[in-house]
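**Q** Let the hints inform the model, and build the full structure from the sequences given.
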Amino acid sequence: MTGYALQLHEVAKDFGAARVVEDFSLDVADGELIVLVGPSGCGKSTLLRMIAGLEDVSEGAVVIAGQEMNHVPPGRRGIAMVFQNYALYPHMTVAQNMGFALRNERLPASEIERRVDEAADKLKIGQLLSRKPAQLSGGQRQRVAIGRAIVREPDVFLFDEPLSNLDAALRVQTRVEIAKLHADLGNTIIYVTHDQVEAMTLADRIVVMNAGRVEQIGTPEEIYTRPRSRFVAAFIGTPMMNFIDGRVADGRFTSGSGLAVALPPRLSAADGPAVLGIRPEHLRIAGSAAWEPALHGRLQVQEYLGERMLMHVALDHGPEVVATGAVALPQDETVRMTFDHEHLHLFDPQGRALGAVAGTGAC
Amino acid sequence: MAAITLNPPARRGVAVQSRLWTLMTLAVLAVIALAVLFPFVWMILTSFKPEAQIAQFPPRLMPETWTLENYQNVWSRIPFARLLLNSIIMAGGVTIISLLLDSMAAYALSRLRFPGRDVIFVAILVALMLPFQVMFIPLFVIVHDLGMLDSYSGLIVPRATNAFGIFLLRQFFMTLPKELDEAARIDGASEFAIYRKIILPLSGPALATLAIFHFMYNWNDFLWPLLITSSPDMRTLPAGLALFVGQHVVEYGVVMAGATLTLLPLLVAFLFAQRYFIQGIAMSGIKG
Ligand SMILES: Nc1ncnc2c1ncn2[C@@H]1O[C@H](COP(=O)(O)OP(=O)(O)OP(=O)(O)O)[C@@H](O)[C@H]1O
Ligand SMILES: [Mg+2]
Numbered sequence: 218m219t220g221y222a223l224q225l226h227e228v229a230k231d232f233g234a235a236r237v238v239e240d241f242s243l244d245v246a247d248g249e250l251i252v253l254v255g256p257s258g259c260g261k262s263t264l265l266r267m268i269a270g271l272e273d274v275s276e277g278a279v280v281i282a283g284q285e286m287n288h289v290p291p292g293r294r295g296i297a298m299v300f301q302n303y304a305l306y307p308h309m310t311v312a313q314n315m316g317f318a319l320r321n322e323r324l325p326a327s328e329i330e331r332r333v334d335e336a337a338d339k340l341k342i343g344q345l346l347s348r349k350p351a352q353l354s355g356g357q358r359q360r361v362a363i364g365r366a367i368v369r370e371p372d373v374f375l376f377d378e379p380l381s382n383l384d385a386a387l388r389v390q391t392r393v394e395i396a397k398l399h400a401d402l403g404n405t406i407i408y409v410t411h412d413q414v415e416a417m418t419l420a421d422r423i424v425v426m427n428a429g430r431v432e433q434i435g436t437p438e439e440i441y442t443r444p445r446s447r448f449v450a451a452f453i454g455t456p457m458m459n460f461i462d463g464r465v466a467d468g469r470f471t472s473g474s475g476l477a478v479a480l481p482p483r484l485s486a487a488d489g490p491a492v493l494g495i496r497p498e499h500l501r502i503a504g505s506a507a508w509e510p511a512l513h514g515r516l517q518v519q520e521y522l523g524e525r526m527l528m529h530v531a532l533d534h535g536p537e538v539v540a541t542g543a544v545a546l547p548q549d550e551t552v553r554m555t556f557d558h559e560h561l562h563l564f565d566p567q568g569r570a571l572g573a574v575a576g577t578g579a580c
Numbered sequence: 002m003a004a005i006t007l008n009p010p011a012r013r014g015v016a017v018q019s020r021l022w023t024l025m026t027l028a029v030l031a032v033i034a035l036a037v038l039f040p041f042v043w044m045i046l047t048s049f050k051p052e053a054q055i056a057q058f059p060p061r062l063m064p065e066t067w068t069l070e071n072y073q074n075v076w077s078r079i080p081f082a083r084l085l086l087n088s089i090i091m092a093g094g095v096t097i098i099s100l101l102l103d104s105m106a107a108y109a110l111s112r113l114r115f116p117g118r119d120v121i122f123v124a125i126l127v128a129l130m131l132p133f134q135v136m137f138i139p140l141f142v143i144v145h146d147l148g149m150l151d152s153y154s155g156l157i158v159p160r161a162t163n164a165f166g167i168f169l170l171r172q173f174f175m176t177l178p179k180e181l182d183e184a185a186r187i188d189g190a191s192e193f194a195i196y197r198k199i200i201l202p203l204s205g206p207a208l209a210t211l212a213i214f215h216f217m218y219n220w221n222d223f224l225w226p227l228l229i230t231s232s233p234d235m236r237t238l239p240a241g242l243a244l245f246v247g248q249h250v251v252e253y254g255v256v257m258a259g260a261t262l263t264l265l266p267l268l269v270a271f272l273f274a275q276r277y278f279i280q281g282i283a284m285s286g287i288k289g
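Residue numbers (the numbering used here), protein chains in the order written: chain V, 218 to 580; chain C, 2 to 289.
Simulated from the structure, these hints should not be mistaken for laboratory data.
Think of the CB as a built atom: it goes at the ideal place given N, C-alpha and C, for glycine as much as any other residue.
Treat the hints with care, since some could be wrong.
To be verified - FRET-style restraints, in silico, Cβ to Cβ:
hint, chain 1, residue 1, chain 2, residue 2, range
1, V, Phe232, C, Ile138, 46 to 54 Å
2, C, Phe133, V, Glu335, 14 to 22 Å
3, C, Gly93, V, Gly258, 47 to 55 Å
4, V, Gly258, C, Val142, 54 to 62 Å
5, C, Ile138, V, Lys349, 25 to 33 Å
6, C, Pro202, V, Glu322, 39 to 47 Å
7, C, Pro202, V, Gly283, 33 to 41 Å
As the list claims (entries may be wrong) - To be clear about the criterion: a stretch of chain V counts as covered by chain C if any three or more of its residues have a C-beta under 8 Å from a C-beta of chain C, and this derived list gives those stretches:
hint, segment
8, 285-294
9, 338-351
**A** Written out as structure tokens, the structure reads:
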């Protein structure tokens, strides 16, 4: 045993001439919940299907529980998968759906029944066992699909956007249940989603993918506070991080239109063209003048979100940015926005992060 | 009429118009149905006429005197029970075997990736367009060389799979979501288990439709059984009835009685399977 439930070594996938996954490496510890996020078409499903064995890998190796699996059929990889559209067998009852894999393993009927009942109890679908999938609601189908995966007691669970067909309330509820189930069973899970909240709340580690490559791997906090590229910074966080184009010289960031910001020491070593980034929640509308660094602008639109307000502000010397405010202000009001130096991000023109943000010395 | 269509009609006008439309549709359908049914009615009534009334001129639809003589003739002059059995063996055998082989071929064409798959599919489409008349002489020669003339295998084997069946089932299988087989594959199902436990159970209507097509076609088929069998004991019903068609005289009454008897089992089977049949046609998107 390596202690890793799943390892991907420089995995690549070609569809004809198109390379859709490239040089993908990842080590997943036993019991870890990894969330794969990335824009549509970046290769998340393809990667998951390669782990499952539904697609061949073009290069590299898939290792599950210490064993190379490149040529092992899906049924013998010790994995279970929950599909986005559930893929329940329409002609079988819930119990038959959940027991199908065990019947294929030729387990005795009593053992199958015991394991199906146990999983059904855990998911509270015991009363549905004799129904057909067509007689279930979307949320119930989702549970059955999860149940079908659980009964197999796999080494690794694969989820491909399992909640995307549910309505908002059910999504939150099921998300919490998946988290509980994970805490309860301690399974290794690879979870693909579009939904940032799902990613941030569920993940032990998040893998941000872009165009078939790993953009960054890290805990939700690392990904959020220390994005390694402009892509990750823009992809994670709603509303999106504000970006201001300009250049750095002598420890100051200046934009062409006359904006100037003094940079903290960790960023001041940079030189030349750069992009300044700051998240809306770190850009606060400030009331009275203070000695902190500040940006000035004119209020365009304000959005009331309950616990806070999003202020769209056109900078006096620069683009429109989104900031956070506590109280409503008159339209077109001139506002002053303060921020902490530790929350500033700086990217080079290729999109790589410059310097480290607050606290750690990560690259 | 024109006024109704040109001016935006009031709500009552719409109702009248749509009822008119329904009536017209029904009338047209009734005419078509009559045209289709008429030969059958003629056949059945003729089977109850004495020979003298059949060829009379001008022809009359209803028999002047009703007789069962033709039916007695069918029973006594050809081994009717044996022919019935032969028909059941041929049509039934072909139906069962070709459903099996058609569905396996369709599974391979819709689910497996292998070199030459598309070429094979095109070849099957081409075969679909070849009329039987083009093929029956070479087929006869092959069956002869295999020593299968005048036997059940000669009747059944050449029909054991067919392009139309493969095509129909392939198209149906293509509509079944791929995720189902993938889920089954992950659940450890073998290729055969996916075919047997996932694809086939979900294809009930398409299989029933095809079963009826196969059964009807082979039950009614005349030319092939006539060519391939020589002894009266090996004939199917339609081919056996040909015994009443002499070179100079045709015994219409007996033929009509035989044809009526041949039709009956089919009618019963159809009534039973009608629900599936219509569902299957709707699902596979082919028109009856
Ligand atoms: N069977 C295939 N043949 C050819 N190209 C494919 C195939 N499957 C996927 N692709 C391509 O591979 C790329 C990655 O697809 P994939 O489904 O993995 O994306 P994804 O990240 O899951 O997207 P989404 O978030 O929309 O589900 C896409 O450009 C897609 O067009
Ligand atoms: Mg996907």
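**Q** Going through the earlier hints one by one, which of them does the structure break, listed in rising order?
**A** The structure breaks hints 2, 5, 6 and 9; every other hint is satisfied.
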